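Model the full assembly from the supplied sequences, consistent with the hints where possible.
Residue numbers (this note's numbering), protein chains in the order written: chain A, 1 to 288; chain B, 1001 to 1260.
I should point out that these hints are in silico values taken from the structure, not numbers from a laboratory.
Just so we're clear, the structure is a prediction, and the values are computed from it rather than from any experiment.
Treat the hints with caution; some may be incorrect.
As the list claims (entries may be wrong) - Calculated pairs, DSSO-like style, for lysine-lysine (alpha carbon to alpha carbon, straight line, at most 30 Å):
(1) A:K284 to B:K1093
(2) B:K1093 to A:K282
(3) A:K58 to A:K238
(4) B:K1251 to B:K1183
(5) B:K1093 to A:K238
(6) B:K1093 to B:K1183
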Amino acid sequence: MMPARRKGLGSMVLIAPAAVLLGVFLVLPYLNIVVMSFRMPGQGTPYGQGFTIGNYTKFFADSFYLLQVANTLWIGLLTTAICLAVGFPVAWQLARGAMRFRALAYGLVLSPLLVGIVIRSYGWTILLGNAGLINRSLTGMGLLDRPLPLMYNALGIVIALVHVFLPFMILPIMAAIQGVDPSLESAARSLGASRFTAFRRIVLPLCLPGIQAGCILVFVLSLSAYVTPSLIGGLRVKTMAVTVVDALIDTFQWPWGSALALMLSVTGALCVVIFARLTRMKWKAMEP
Amino acid sequence: MKRPVLTLYCLLVYAFLLAPILVVVGASFNAGNFLTFPPQGLSLRWYVTFFHNDVFMRAIRTSLWVAAVATVISGTIGTMAALYYVQHAGRWKEAVRIAMLAPLLLPEVLTAIALLFFVYAIGIGTTTMIGMIAGHVLITLPFVFINVSASLESFDPSWDMAARSLGAGRLARFRRIMLPLIKPGVIGGALFAFIISFDTFTISFMLKGIGTSTLPIQLFDYLRTNFTPEAAAVSTVSILLTLVGVIVSEKVLGLRIHRF
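This is how it looks when you write it as structure tokens:
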């Protein structure tokens, strides 16, 4: 009995620092922010005495914020869908293609991750602005009279977000495709399935977990993105994350900001749960 | 090339991925006062301006310092947790994994705001760097954990047993057997942690104190009001620093990053 207990205690030392760190700097702050969201607004102070549900009723009563949440979700969905459409063929090529430059291609997919998000968004402002590279080139060639509105709108935000989060879509899908034995496909083909049928009935169901992981990751990340919508959307288009952060930085309304941040996160989590349910159902239906 | 359409499509996507980065690097050599196309000649003047700009130089030093401290802490804590996860967690394995990945799964904006309120609630505020470093450790921890536990999964316990039967003590077994085997995972995880910390924005933005802006924050502030190519020079230097870090780790330390 003694050695077993000593071993148990010894191994607890390994996990203790992580447990303390996560407990103190993650769990407690999250509990604190939930409590904060029920506090009274303060006069001249970040928050007042006593508790209220007023922050939440204010959120639901004001269509401005509901509309903004809808707008943010829409941008997130669009970003996710485009990432999937753009990323899947690349993931396929990386996993299956007989390429001489696979390492280089893999490095190219990873490369945006090595460059900070501020720099990448800045790059897009140079490309998309009214006097930016794309518009200057098009007007210079005489293809346009007026610059295309590529920045300060949802389109610009989505373009830049797709760029920022594409690697997070490609990597899990690539891993999933690599896990599918190519001989399964050959077997289906030899039994008379067309290339498309073999893909739809065999490969797609097997790599759905990777697709699901990629979609959830990109969706969650794009909902809470701050830098890209802030630099590209400017003052004209604000996503929820931008509103929340600006509300806290500029006006110091902590309870209100907490309620907004929590509502955004809860809505995002709900979407993920619904998505996971739907894809699981689809997944079950695809199983023979 | 068997499928020319697919290959062409992928090349276009790679071009899309590289475009904004190349544009920034290109813009940094612009000789003009503003970012104009075509550039008004080539020049290194914006690099000179940048190197004489105390605000940016201080921000670079802060970034490197915070990233180094956060990497050491999260490297140690994450490696220990990965050891526990692979070898001792037993039926708690899944719970440990979810807890360790939690900072990655939770929205960073929410974590940053929650941490900001928390450091004020416990009275330390943002006058010290504790809050910012805690935040950086939190968001880099999952990357260390993923890399180290991936390299540990391939570890065969019988090697440890063999060393034990030959009389090796606990410390000797760890140093001579475990450490060489998990080294690539630890280095990969630490490198990832350093880069994530060096580049992260939201956590630093919420938790920065007076005079403790990191490079991404300083750049963001600058971009809101200025349009000179100096920002491009700053960005290019930042990209170069990361690139040098990756290449040095690969050549000197034999890096192998596990994908996640």
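Inset, instruction - List in ascending order the numbers of the hints, as given earlier, that are violated by the structure. - result: Hint 5 is the one this structure does not satisfy, whereas the remaining hints hold.
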